[in-house]
Amino acid sequence: MAYPRKQIQDTGTGMTSLPGHVSESGRLSLPAELRRAVGLERGGPVRIELVDGSLRIRTMHEIKQRIRSLARETGLSEKASVADFLDWRANARAEEADRD
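The sequence shown begins at 500 in my numbering and counts up by one.
Wrong hints could be hidden among the right ones.
Quick list of the computed label-pair ranges, beta carbon to beta carbon [stated by the list, open to error]:
| hint | residue 1 | residue 2 | range |
| --- | --- | --- | --- |
| 1 | 587 | 558 | 29 to 35 Å |
| 2 | 582 | 543 | 22 to 28 Å |
| 3 | 580 | 536 | 17 to 23 Å |
| 4 | 523 | 586 | 29 to 35 Å |
| 5 | 565 | 531 | 36 to 42 Å |
| 6 | 522 | 581 | 15 to 21 Å |
| 7 | 522 | 591 | 35 to 41 Å |
| 8 | 523 | 583 | 27 to 33 Å |
| 9 | 525 | 574 | 15 to 21 Å |
| 10 | 596 | 574 | 20 to 26 Å |
| 11 | 544 | 520 | 17 to 23 Å |
| 12 | 519 | 591 | 30 to 36 Å |
| 13 | 522 | 558 | 20 to 26 Å |
To be clear, the hints were calculated from the coordinates, so they are not data collected in a lab. Here a beta-carbon is modelled for each residue, glycine too, at the ideal position from N, C-alpha and C.
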């Protein structure tokens with residue numbers, strides 16, 4: 500028997516919402532619709548962050564794209580190493596923390 504596909508719901512905040520489940524052992528089951536939406540149909544590496552009390556899951560592809568974008572915006576993509584870029588980001592975060 501085929502089960503009907505769950506519909507991804509827009510919460511009105513630009514985010515989507517579907518029910519999921521965390522087992523007693525801590526395994527998180529992501530609905531297929533969400534995996535498809537972010538290119539994880541067959542699984543893959545992700546980064547899980549705690550942001551303001553909420554879990555945020557990002558694909559490594561998304562993270563790499565963001566790093567490349569930041570490098571292009573700063574002009575570092577043509578002349579700097581990854582280490583240079585990471586140092587630049589650490590300094591930028593420290594400056595942001597000083598302003599808060």
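A quick look at each hint next to the structure:
{"no.": "1", "hint": "587 x 558: 29 to 35 Å", "in the structure": "violated, 23 Å"}
{"no.": "2", "hint": "582 x 543: 22 to 28 Å", "in the structure": "holds, 26 Å"}
{"no.": "3", "hint": "580 x 536: 17 to 23 Å", "in the structure": "violated, 34 Å"}
{"no.": "4", "hint": "523 x 586: 29 to 35 Å", "in the structure": "violated, 42 Å"}
{"no.": "5", "hint": "565 x 531: 36 to 42 Å", "in the structure": "violated, 25 Å"}
{"no.": "6", "hint": "522 x 581: 15 to 21 Å", "in the structure": "violated, 37 Å"}
{"no.": "7", "hint": "522 x 591: 35 to 41 Å", "in the structure": "holds, 39 Å"}
{"no.": "8", "hint": "523 x 583: 27 to 33 Å", "in the structure": "violated, 45 Å"}
{"no.": "9", "hint": "525 x 574: 15 to 21 Å", "in the structure": "violated, 42 Å"}
{"no.": "10", "hint": "596 x 574: 20 to 26 Å", "in the structure": "holds, 24 Å"}
{"no.": "11", "hint": "544 x 520: 17 to 23 Å", "in the structure": "holds, 21 Å"}
{"no.": "12", "hint": "519 x 591: 30 to 36 Å", "in the structure": "holds, 34 Å"}
{"no.": "13", "hint": "522 x 558: 20 to 26 Å", "in the structure": "holds, 22 Å"}
Checked against the numbered hints above, the structure breaks hints 1, 3, 4, 5, 6, 8 and 9 and satisfies the rest.
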